[in-house]
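Asks: One letter stands for each residue in the lines below.
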Amino acid sequence: MRSLVPALALVAAVLFCAPAHADSIRLKDGTRIAGHATKYDDSKSVLSWKGDDGKSYELKLDDLDKRSTYSVLKSQVPNDNGKGQLQLANFTRDIELFAHAVRHYGYAEKADPSLKPEVDKQMAILRTQAGQWGLRQAKAAADKGDKKRALEWLEKIITKLPGEPEAATAQQLLDNYYASVKAEQTKEVDNAPDEKLKAGLAKGKKSYDSMLERNKKALQSKGGSAAIKGWEDAVKDGQKTLEEIDKFEKANPEGYTELLAGYRKTVNDQIIEIHMHLASQYATRSSYNDALSQVNKALAIDAQNAEALAMRARIQDAASRGLRWL
Amino acid sequence: MRTSLLILAAALAFAFASCGSNCCKTEESNVPCICGTDEALIDGCAHPLCLQDKRNPDNPDCVCGTMTFEEDK
Ligand SMILES: [Zn+2]
Ligand SMILES: [Zn+2]
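Chains as they are written, first to last, in our numbering: chain E, 1 to 326; chain F, 1001 to 1073.
Just chain F, same shape as in the assembly (with noise of 0.2 Å):
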């Protein structure tokens, strides 16, 4: 039972840590993303992938950065 808990603390830590480094998580930043707001649209937004010009996946408002194109696989 002790072996299956550290393979598991051991494989999640292992799949958060490649998670966070190239998909899901955003940059650590406090500036939040106000991508579809009114005051977005004459202020800009200044979350850090905005201003990078990608797309936010958090927000599916945003449009900043361009559409990726995927070919069906």
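Same shape as in the complex, but just chain E (with noise of 0.2 Å):
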């Protein structure tokens, strides 16, 4: 009896343990295979599986779903293959994972540069796909009635596709979206419990509106220094706003503070929300470090922010390996 305790920890652990080699395969109807690859015939295009159940699988290329098919070609191509990687990049590009296709066109640039020229060519076309792409998901969230995504999306195709047709595209449809997505996000301070609350933030709620003004006014405009300048104006407006309820709660020490607190995680959010389209410029630009800065501020309001973390790995990511960026 002793002697088993250790060893069933040990079987226990292992057990935990096994689901990191689990591997699994997607074919064409969606059914997924878990195991692992044994063999990738490039001649015949078959890859040879052995199945946790058990079975060995031959399975045709043409029989993955896209995605597993990537994922296949992509163990045939070192990354210091440039050619390879160009070609790699285009179909990555062409089954949408647009973001990895970035990435395979870094790599084949850097393998080789002379193929920089054509990594140019092939890249405007990633981004004209991925504006169009951006542009289905926006009228897909709408028609489904979703309109605060349908803005999201709109945004990220102003602020990453700036000079794209389908950013001016973007542009125009903001003004269908932009003004209802804001007044849900206010309601509570538009419906405030009572006139003393009103009055008193009565400036803070001109700011705050002069904030959505000059945000709404920057996404539509050419881009470049015009937007920058619109972005950091419209962030002041957003801490003049915090300064006005700070004055309110100063003055009314008692009954509002949780109401207060919800006004000012509303101000907060769009603030971060202008940080990060300011940092998305400059990462546009390849100032990486401008953009880091942006999301550097907008983390000292909310350290936990999921987007500005994931922005922050990316962009350091981007410039200590010098990639393109999307």
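Because the hints were derived from the structure by calculation, they are not lab data. There could be a bad hint or two in this list.
What the hints assert, rightly or not - Below 27 Å or equal to it, Euclidean Cα-Cα: the simulated DSSO-like pairs (lysine-lysine) are:
| id | chain 1 | residue 1 | chain 2 | residue 2 |
| --- | --- | --- | --- | --- |
| 1 | E | Lys-116 | F | Lys-1054 |
| 2 | E | Lys-217 | E | Lys-236 |
| 3 | E | Lys-28 | F | Lys-1054 |
| 4 | E | Lys-110 | F | Lys-1054 |
| 5 | F | Lys-1054 | E | Lys-39 |
| 6 | E | Lys-60 | F | Lys-1054 |
| 7 | E | Lys-110 | E | Lys-144 |
| 8 | E | Lys-50 | F | Lys-1054 |
| 9 | E | Lys-83 | F | Lys-1054 |
| 10 | E | Lys-229 | E | Lys-198 |
| 11 | E | Lys-66 | F | Lys-1054 |
These figures come from a predicted structure and were not determined experimentally.
Mind assembling these two chains? They're in different frames, but the hints should get you there.
Replies: Here's what the structure looks like:
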């Protein structure tokens, strides 16, 4: 009995570890087969797969779903094979794994700098495709009645793909959603429970509305320095709003604590969003230090903000490895 | 009884230590893996493993990193 206990513990630990080695492959019809690859025959385009069910499978590349195909092809092309990476990048882009494709274009260019003109050409196609794809996401969200998500996609296209025709389309569509989404976010302020609060925060509300207006104008501008100036002024408006809330709370220390905390959060969320727009704008021009400083400003407001943390990691990665940015 | 509990504790500690260092535990991070979502297609995923272009074993939709080929054992 005594010797059984540690043995059992080890078995348990091994079981805990096991899933780390599991891989899975997906077929076109959606079936997922857990297991691992044993061989790939390039001449026949056949993947040999050992299923966790004990069976051996011979899978034609054509029968795999696109992402599994990508996974197989990728394992055949080393990062230092410039032409191979370029081809892989084109394939990856065309199955709409845009961010992955950008990485492969980066590898291609690094492996063989003479490929730069071709990479530039293909990246231009990628930007168009990504813009069109983003517009479709916005439309799908809007069709489902999710205006907030539709707006998020439009903002993403505008800040990530400045100068593209798809961004111009997104700028035009912005008016369909912006006002109503923002009104939804501030309805608790608009429906303030008493006159004292309404009057006391009138100035703050004005600054807040100004921030929203400046943000919208920046999103709809031609980008570049006009957008940056607009967003910087918008942040100042946001800070003014917070000062007004502080002032009101000082004068009315009781009864409003929770409500004002909610207001502050709404304002701060909007300020963070603007810092993220600025970061995206800078990153698109490869101004990674400026982009990082904007992300850090967002994190100074909310250290746990998932989007800001992710953005910081991606900027640091792109900057340190000299990869391209989308 | 007390000895067997001690041995059990030691074995568990050892097993988890070796487990964490080489296989199942993904890196310490507060950035979640978003591979497989629509956002990730255009933004990319910032999970530490995905950024290093390694597959995240905790997310079956992750296609980062390369497929590993293991001979039949
Ligand atoms: Zn991921
Ligand atoms: Zn991943």
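Asks: Run every hint past the structure and note whether it holds.
Replies: Status of the hints after comparison with the structure:
Between E/Lys-116 and F/Lys-1054 the CA atoms are separated by roughly 26 Å; this keeps the pair inside 27 Å, and the hint holds. A hinted pair counts as satisfied when its Cα atoms are at most 27 Å apart, and E/Lys-217 with E/Lys-236 qualifies at roughly 15 Å. Taking the CA atoms of E/Lys-28 and F/Lys-1054, the gap is near 24 Å; set against the 27 Å cutoff, the hint holds. A threshold of 27 Å between alpha carbons decides the hint, and for E/Lys-110 with F/Lys-1054 the separation of about 19 Å falls inside it, so the pair holds.
A hinted pair counts as satisfied when its Cα atoms are at most 27 Å apart, and F/Lys-1054 with E/Lys-39 qualifies at roughly 20 Å. Only pairs whose Cα atoms come within 27 Å are accepted, and E/Lys-60 paired with F/Lys-1054 is accepted, the gap being roughly 25 Å. With a C-alpha separation of about 42 Å, the suggested pairing of E/Lys-110 with E/Lys-144 is violated against the 27 Å cut-off. At roughly 21 Å between alpha-carbon atoms, E/Lys-50 and F/Lys-1054 fall within 27 Å of each other, so this suggested pair holds.
Simply put, E/Lys-83 and F/Lys-1054 have alpha-carbon atoms about 22 Å apart, close enough for the 27 Å limit, and the pair holds. For the suggested pair E/Lys-229 and E/Lys-198, the alpha carbons sit about 30 Å apart, so the restraint of at most 27 Å is broken. The hinted pair formed by E/Lys-66 and F/Lys-1054 meets the criterion: a straight-line CA distance of about 19 Å does not exceed 27 Å.
Of the hints listed earlier, those the structure fails to meet are numbers 7, 10, in rising order.
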